[in-house]
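Undergrad: As a plain string of letters, each chain reads:
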Amino acid sequence: MSGHSTYIPKSGFEKWLDARLPIIRLGYDAMVDYPTPRNLNYWWTFGGILTVLLLTQIVTGVVLAMHYTAHVDHAFASVERIMRDVNYGWMIRYIHSNGASMFFIATYIHMFRGLYYGSYKAPREVIWLLGCILFFLLIATAFLGYVLPWGQMSFHGAAVITNLIGAVPVVGGSILTWLQGGFAIDNPTLSRFFALHYLMPFMIAGVVGLHIWALHVPGNNNPVGVLIPQDLQRRDTVPFHPYYTVKDGFAIIVFLIMFSVFVFFNPNALGHADNYIPANPLVTPAHIVPEWYLLPFYAMLRAVPDKFGGVIVMFASIAVIFALPWLDTSKVRSNRYRPVAKQFFWLFVVTTLVLGYCGGQLPDQPVIPGVETFTLFDGQLNSYLWLTRLFTLMYFAYFLVVLPLLGLKETPLPVPPTISAPVLSHAGGDGGDGGAYGGSTHGGVVKPGAGYAGRPAVAEPERRG
Amino acid sequence: MRKLITAVAAAVACLTAAPALAAGGAEHPKDVKYSFEGPFGRFDQAQLQRGFKVYQEVCASCHSTNLVAYRHLAMRNAPFWDENYPNPNESPYARTIAAAAQIPDIDSETGDAILRPGTVADRIPNPYPNEAAARGANGGALPPDLSVITKARHGGADYIYSLLIGYPNPPRGLTVPAGQYYNKYYAGDLSSYWAPAGVDPEEAHESVPKGGFLAMPPPLREGQVTFDDGTPSTVNNMARDVGAYLQWVTEPKLIERKQTGLAVIIYLTLFAGLVYASYRRIWRNVAH
Ligand code: HEM
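Note that the protein sequences, when read in sequence, are chains Y and F.
Under the numbering used here, the first residue of the first sequence carries the number 113, and numbering increases by one thereafter.
Under the numbering used here, the first residue of the second sequence carries the number 12, and numbering increases by one thereafter.
Where hints are given, some of them may not hold.
Below 25 Å or equal to it, Euclidean Cα-Cα: the simulated SDA-like pairs (lysine to any residue) are [to be verified]:
hint, chain 1, residue 1, chain 2, residue 2
1, F, K162, Y, V395
2, F, K162, Y, N392
3, F, K269, Y, Y206
4, Y, K419, Y, N494
5, F, K195, F, P155
6, F, K162, Y, Y200
7, F, K264, Y, A212
8, F, K221, F, N247
9, F, K264, Y, H186
10, F, K264, Y, N378
11, F, K162, Y, R196
12, F, K162, Y, R193
13, F, K162, Y, N378
14, F, K41, Y, H399
Hint data in this document are derived by calculation from the structure and do not stem from the laboratory.
Using the sequences and the hints given, assemble the complete structure.
TA: This is the structure we're talking about:
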């Protein structure tokens, strides 16, 4: 998409089309000849996995929508009847409902990957911002979708979340009525949630396009985190196809195996049994919990005694992710060369997992049963309430204190000047392979070869193969 | 790669463990060794037929299964599947069972409300004309529709079995309200009904029995149903078999799902192997 195109139309039709709508060129430059760092590890396969998952959700979703009835009296039964009376309906529905969980697993890994390797730093801030928008849209889409089967958790979860808007001072009440289409969650709410749930995945698809466009301007980050200078492109990159189509392809299939284990052998393991009880506004479930992927945010919401304060904290927890490129002051991208930052990174991973766990517990339950403590303000010290508060602080401190200060204080390890230096140092005895890329790189000494010329970098390794 | 898989598996395990809340104050359901469990599980057709009989003769007088039509009973893997009748609508079993039912309808000539014999397309009728009637007949409680019951309760079929055999005599000191029955496996909080003799009320909360009260009287009695295959109709057998039947009612495609799953996983594994081999070959001469 960026840089100059290497596509050469061959057939008459390709030439004809290329002069009118260079769409084959676009695809070729973006997915075939796109120069990709050759040291990407498997954490880089999750973008491809996410693309496959988005397509899967859209295809299964459109088929579900053909059979689904967005009406409070029929929604629950229509979903169940999809599973018994539509050919392979059980498979379509279980793929879609588990697909949402898979989407979040892949998204979280994808985001942690970016965090670890500093993929949000210049010149990739816009990629990161678009990714944050995608995350936000994904949360909204999944929340709306979860309401559609109109089970007990659908209904009461929707009630809890929409009521948050009612906590906004002055205008909250009117906005809430406007959003719900009435004074309570009812049929108008369900119809609009369905309309929006159908719409948002296509917005996501549009933003994915921008995300990839923005990616193809500076090119991929990589585990070493250094930029690849134009003149080393030939040596340090490989064309996307076949190198990364095959590597991503392998990772996608492995991911699909894990996905299939859920769909075919444990399709309800990630859900909540109460959602198989038809919605009943008069009976509130004992514990209202969102799906697992929203638990960390739900925990932070409940940690604040004031309802509106909780809403602010919850939105702030997502807003800080947007601000990340300007919060991290370090010049070094990859945590490989930031020993202290690396430890804080893992502490942050644990923080989010603990928050997720807290989100599924009752706030006033003791963390260590049987240990008597004292009451601190509004709750026992030994309670999930205070554990959540501690970890909420740690969550925000990571972004607002650790990353800004650490970049100024930490002494990073020496960063290799190019990605080939570390690559070749552990390539071992398989024979001076760097030569295939034009430059002479023996012994880790970099003598750049010719500038990036696209084709030779494709041809040479293939010829040797 | 192994590191990656372990990491993903660990993440999934941590995250899925999170929403699992403590089960509350009920006894953990007893584990029944059902034939449909595990990746190679199959329904035991004789057991489904016995379970259907218990359901029809006992449970159906209070509960509905609105999603089940008579033709479903003769689908593949269903209680009355017969390979001589691949089209369930032509199954003599489904037809006979349907014809024995009286379905409320409207006479198309006069518009009067009538009862007519069922057809395979009919759904198993609701025992009560409406919710108020159902509550009226059950002391104010509504017997839930059982169409998806094993998915709607932790423990699934094991829970159904346990619930049905779980009516012991209430422990001394427990006051059971009128129209309610004590069940060990039913989730509830009995602390305000618990006053054991000779125990300081302050301490009593430490010995509150597990379980809860529900409005369903113990539905099964020894010998209540006569099984055609000679299986003794003990409470235990009837509870186990109706549990299996309700598992089929909840997930009629369970076996098809697992069989498809095995094929999918074998296919994907072979495909993964093939793609991995291509990956190794393509990257053979590239340091990375
Ligand atoms: C970003 C992609 C998507 C995500 C993350 C997503 C998520 C979800 C979730 C969590 C549910 C509830 C599943 C359940 O418990 O049953 C759901 C249901 C549903 N979704 Fe989606 N969805 C996506 C795309 C789509 C699309 C594109 C359509 C239609 C064009 C669609 C149509 C439906 C329908 C009809 C239901 C109700 C049926 C059901 O509950 O299984 N979805 N979705």
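Undergrad: It remains to establish, for every hint, whether it holds in the given structure.
TA: Results for each hint:
At roughly 19 Å between alpha-carbon atoms, K162 of chain F and V395 of chain Y fall within 25 Å of each other, so this suggested pair holds. For the proposed pair K162 of chain F and N392 of chain Y, the alpha carbon gap of about 17 Å is at most 25 Å, so the pair holds. Between K269 of chain F and Y206 of chain Y the CA atoms are separated by roughly 13 Å; this keeps the pair inside 25 Å, and the hint holds. The suggested pairing of K419 of chain Y with N494 of chain Y holds, with an alpha-carbon distance near 22 Å, which does not exceed 25 Å.
For the suggested pair K195 of chain F and P155 of chain F, the alpha carbons sit about 19 Å apart, so the restraint of at most 25 Å is met. Distance check on the hinted pair: K162 of chain F and Y200 of chain Y sit about 19 Å apart at the alpha-carbon level, within 25 Å; holds. Among the hinted pairs, K264 of chain F with A212 of chain Y is consistent with the structure: their alpha-carbon atoms are about 22 Å apart, no more than 25 Å. Under the criterion of a C-alpha separation no larger than 25 Å, the hint pairing K221 of chain F with N247 of chain F is consistent with the structure, at around 21 Å.
Annotation: proposed proximity of K264 of chain F to H186 of chain Y holds, straight-line Cα distance about 21 Å (limit 25 Å). Of the pairs offered as hints, the one joining K264 of chain F and N378 of chain Y holds, with about 13 Å between alpha carbons and a cut-off of 25 Å not exceeded. Restraint check for K162 of chain F and R196 of chain Y: satisfied, since their Cα atoms lie roughly 14 Å apart, inside the 25 Å limit. Between K162 of chain F and R193 of chain Y the alpha-carbon distance is near 15 Å, which keeps this suggested pair within the 25 Å criterion.
Between K162 of chain F and N378 of chain Y the alpha-carbon distance is near 11 Å, which keeps this suggested pair within the 25 Å criterion. About 24 Å separates the Cα atoms of K41 of chain F and H399 of chain Y, which keeps this hinted pair within 25 Å; it holds.
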